[in-house]
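J.: Based on the hints, put chain R in the right spot on chain W.
Number of protein chains: 2
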Amino acid sequence: MNTKDLRYIKTEELIRSAFLNLAERTTIENIHIKDICAEAKISRNAFYGHYESKYELLERICKDASENMLSSLTEETVQNLRENLMYGVTEWCIQVVYEHRDLMRVLSKSSPAHFQKIIRYVFIESTLKELYTGTENIQKNIILKMSEAYISDALTSIIQIWLEDPSTISVRDLAKFLHSISHHAAAFFYAKLDENKNIKRRK
Amino acid sequence: MNTKDLRYIKTEELIRSAFLNLAERTTIENIHIKDICAEAKISRNAFYGHYESKYELLERICKDASENMLSSLTEETVQNLRENLMYGVTEWCIQVVYEHRDLMRVLSKSSPAHFQKIIRYVFIESTLKELYTGTENIQKNIILKMSEAYISDALTSIIQIWLEDPSTISVRDLAKFLHSISHHAAAFFYAKLDENKNIKRRK
Numbered sequence: 271m272n273t274k275d276l277r278y279i280k281t282e283e284l285i286r287s288a289f290l291n292l293a294e295r296t297t298i299e300n301i302h303i304k305d306i307c308a309e310a311k312i313s314r315n316a317f318y319g320h321y322e323s324k325y326e327l328l329e330r331i332c333k334d335a336s337e338n339m340l341s342s343l344t345e346e347t348v349q350n351l352r353e354n355l356m357y358g359v360t361e362w363c364i365q366v367v368y369e370h371r372d373l374m375r376v377l378s379k380s381s382p383a384h385f386q387k388i389i390r391y392v393f394i395e396s397t398l399k400e401l402y403t404g405t406e407n408i409q410k411n412i413i414l415k416m417s418e419a420y421i422s423d424a425l426t427s428i429i430q431i432w433l434e435d436p437s438t439i440s441v442r443d444l445a446k447f448l449h450s451i452s453h454h455a456a457a458f459f460y461a462k463l464d465e466n467k468n469i470k471r472r473k
Numbered sequence: 271m272n273t274k275d276l277r278y279i280k281t282e283e284l285i286r287s288a289f290l291n292l293a294e295r296t297t298i299e300n301i302h303i304k305d306i307c308a309e310a311k312i313s314r315n316a317f318y319g320h321y322e323s324k325y326e327l328l329e330r331i332c333k334d335a336s337e338n339m340l341s342s343l344t345e346e347t348v349q350n351l352r353e354n355l356m357y358g359v360t361e362w363c364i365q366v367v368y369e370h371r372d373l374m375r376v377l378s379k380s381s382p383a384h385f386q387k388i389i390r391y392v393f394i395e396s397t398l399k400e401l402y403t404g405t406e407n408i409q410k411n412i413i414l415k416m417s418e419a420y421i422s423d424a425l426t427s428i429i430q431i432w433l434e435d436p437s438t439i440s441v442r443d444l445a446k447f448l449h450s451i452s453h454h455a456a457a458f459f460y461a462k463l464d465e466n467k468n469i470k471r472r473k
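As given, the protein sequences belong to chains W and R, one line each in that order. Taking the working numbering, the leading residue of the first sequence gets 271, the next gets one more, and so forth. Taking the working numbering, the leading residue of the second sequence gets 271, the next gets one more, and so forth.
Excised from the complex, chain W in its bound form (with noise of 0.2 Å):
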C-alpha cells in the first residue's frame, strides 16, 4: 500500500479523527473496531489496512502528539534548563500542552495511563536526555527514580485539572503557579543527578 496515496492519507484521517471522537466518550478498553469503521464509514478491512489493532493506533497517535510536542522544544528552552532558569521550561510546557489541548484531554479522559506517559516522556525524560547523559542510571538509584516520580506525577496532575477546563487560569497564570511551587523540587533533582557519578552534564 502506497501511504502517499492520497486515498490512503484519507483514510488514515478518517479513522484517527473517529477514534478520538469515540474517545471523547468512552474509556479505550470500551472502543471497538466496528464502532470505529461505523464513525469513520469505512470498512473493516480499509481499517485493517492501516493497524492491526486499536491500541496500535493508539500508540500511533501518542507517538506522533508526542514528536509533535517536542519539536517545539527550541534551543532557547534547552539552554534556560543548562541555566536552571525554570520558569522558561515551565512556560514551554503550559504552552506545549495548551496548543495539543483537544488531544490531550481525550487522553486525559479515555486513557490516564497513556496520558501520563507523554506528560513523562516529552517533559522529563526528553529534556533530562538535552541536559545530561547516563539518563538510564536514574531508574537505578531510589532517590533519583522517586525525585522523577515525584516531579512527573505532580505536573501531570495539574494538567489533567487544568485540560477539565483550559478556560479557569491563563497559560501565563498557570506557567507562574507551576513555577512557584515545583522550582524547588525541580532544583532538588537536579541537585541529585549533580552528584550521581554515572550522570553527567552534556556541555
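Quick caveat, the hints were computed from the structure, so don't treat them as lab data. As the structure is a prediction and not an experimental result, all values here were calculated from the model. Glycine residues also receive a C-beta, built at the ideal position from the N, C-alpha and C atoms. Check before you lean on any hint, since a few could be wrong.
As a list, the in silico SDA-like pairs of lysine to any residue whose alpha-carbon atoms are at most 20 Å apart [claimed, not checked]:
1) Lys387(W) to Lys379(R)
2) Lys379(R) to Leu328(R)
3) Lys415(R) to Asp443(W)
Non-contacting residues of chain W with respect to chain R, defined by C-beta distances greater than 12 Å in every case (computed) [as the list claims (entries may be wrong)]:
4) Leu290
5) Ala310
6) Glu346
7) Tyr402
8) Glu406
9) Met416
10) His453
11) Ala456
12) Lys470
Interface residues of chain W toward chain R, partial, derived using beta-carbon atoms under 10 Å [claimed, not checked]:
13) Val348
14) Ile412
15) Ile413
16) Ala419
17) Tyr420
18) Ser427
19) Trp432
20) Asp435
21) Ile439
22) Leu444
23) Phe447
24) Leu448
25) Ser450
26) Ile451
27) His454
T.: Showing chain R alone in chain W's frame:
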C-alpha cells in the same frame, strides 16, 4: 446476624484474608466472589451474609485502614502541622505507611485508585481538617485545588515506588528525602490557604 458472634468474626477474618491473598496476585476487576469463597473455604451464602459485593468489601477494608492510620495522628503531630514543622508530619506519614505496608502494597497494585484515595484522605484531607475550617472551599479555587492535587499525587507516587520494596530505603531516610523534596510545595499550599478568606485556621 449477631456481628459479635465468634463464628461471624471468624468468617469475616477468612473473607478479608482470602480477598487480600487474591489481590496480591491480580487486579480487583479479576477477583470473583466464587474465588474469594474458594480461597476462604466458605459458602457463597456465608459471603453474602457479610457483604453485598467485592466492592463493598474493598470499601470496608479501605475505610478500616484509613481509620487505623488516622488513629495514630497525635496531638503532637497536629501541633507540628500548626507550627509548620513539616518534618514531624512527614515522618508520621512515612511511619504510618510502613506499619500498614502489607495492606498498602496489595492495594497499590490491585486497585491504584483506592490506594490513591486512602493516601489523599489520611495525609492531606484529614490533616487539613485538623488545621482549618472551610476546607471544602479548596475545590472551588483552581490554585488551591491544583496545589492539593500536586502534593497528594506526588506523595502517592513516592509511596507507591517505596512499597515495591520497602527495604531499599529506611523510614528515616525516606522521611528526610520526602521532606527535602516537598516542604517548599507544602509551605506554598499553606500560604495560599491562609490567603483565602473562606478558609480559616483553627485556634
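J.: Confirm or reject each hint.
T.: Hints versus structure:
Straight-line distance between C-alpha atoms of Lys387(W) and Lys379(R) comes to about 18 Å, which keeps the hinted pair within the 20 Å bound. Only pairs whose Cα atoms come within 20 Å are accepted, and Lys379(R) paired with Leu328(R) is accepted, the gap being roughly 14 Å. Between the alpha carbons of Lys415(R) and Asp443(W) the distance comes to roughly 15 Å, so the proposed pair stays at or under 20 Å and holds. With a minimum CB-CB distance of about 25 Å to chain R, Leu290(W) clears the 12 Å threshold, and the non-interface call stands.
No beta-carbon of chain R comes within 12 Å of the beta-carbon of Ala310(W); the shortest separation is about 30 Å. Chain R leaves Glu346(W) outside its interface by the beta-carbon criterion, the shortest separation being 26 Å against a cut-off of 12 Å. For Tyr402(W), the requirement that its beta carbon stay farther than 12 Å from each beta carbon of chain R is met, with the minimum near 19 Å. No Cβ of chain R comes within 12 Å of the Cβ of Glu406(W); the nearest lies about 17 Å off, and the non-interface call holds.
Some Cβ of chain R comes within 12 Å of the Cβ of Met416(W); the nearest lies about 5 Å off, and the non-interface call is violated. Not every beta carbon of chain R lies more than 12 Å from that of His453(W), the smallest distance being close to 8 Å; the non-interface claim is violated. For Ala456(W), the requirement that its beta carbon stay farther than 12 Å from each beta carbon of chain R is not met, with the minimum near 10 Å. Chain R leaves Lys470(W) outside its interface by the beta-carbon criterion, the shortest separation being 22 Å against a cut-off of 12 Å.
Restraint check, Val348(W) versus chain R: the minimum CB separation of about 24 Å is more than 10 Å; hint violated. Given the 10 Å rule on beta carbons, the hint for Ile412(W) holds: about 5 Å separates it from the nearest Cβ of chain R. Satisfaction of the interface hint for Ile413(W) is found here, the shortest Cβ-Cβ separation to chain R being roughly 6 Å, below the 10 Å cut-off. Interface restraint check for Ala419(W): the shortest CB-CB distance to chain R comes to about 4 Å, inside 10 Å, so the restraint holds.
Contact between Tyr420(W) and chain R, as hinted, is supported at the beta carbon level, the nearest pair being about 5 Å apart and thus within 10 Å. Nearest Cβ of chain R to the Cβ of Ser427(W): about 4 Å, under the 10 Å cut. The hint holds. Interface hint status for Trp432(W): upheld, as the beta-carbon distance to the closest one in chain R is roughly 7 Å, under 10 Å. For Asp435(W), the interface hint holds, the least distance from its beta-carbon to any beta-carbon of chain R being 9 Å, beneath 10 Å.
Hint status for Ile439(W): holds, given a least beta-carbon distance of 5 Å to chain R, under 10 Å. Below 10 Å, beta-carbon pairs count as interface contacts, and Leu444(W) has one with chain R at about 8 Å; its hint therefore holds. Taking 10 Å as the C-beta cut-off, the interface hint given for Phe447(W) holds, the closest approach to chain R being about 6 Å. This hint holds: Leu448(W) has a C-beta 8 Å from the nearest C-beta of chain R, less than the 10 Å allowed.
Among the interface hints, the one on Ser450(W) holds; its C-beta lies about 6 Å from the nearest C-beta in chain R, closer than the 10 Å criterion. Contact between Ile451(W) and chain R, as hinted, is supported at the beta carbon level, the nearest pair being about 5 Å apart and thus within 10 Å. The beta carbon of His454(W) is positioned within 10 Å of a beta carbon in chain R (closest approach about 3 Å), and the interface hint is therefore held.
The structure fails hints 9, 10, 11 and 13 (numbered hints given earlier, in ascending order).
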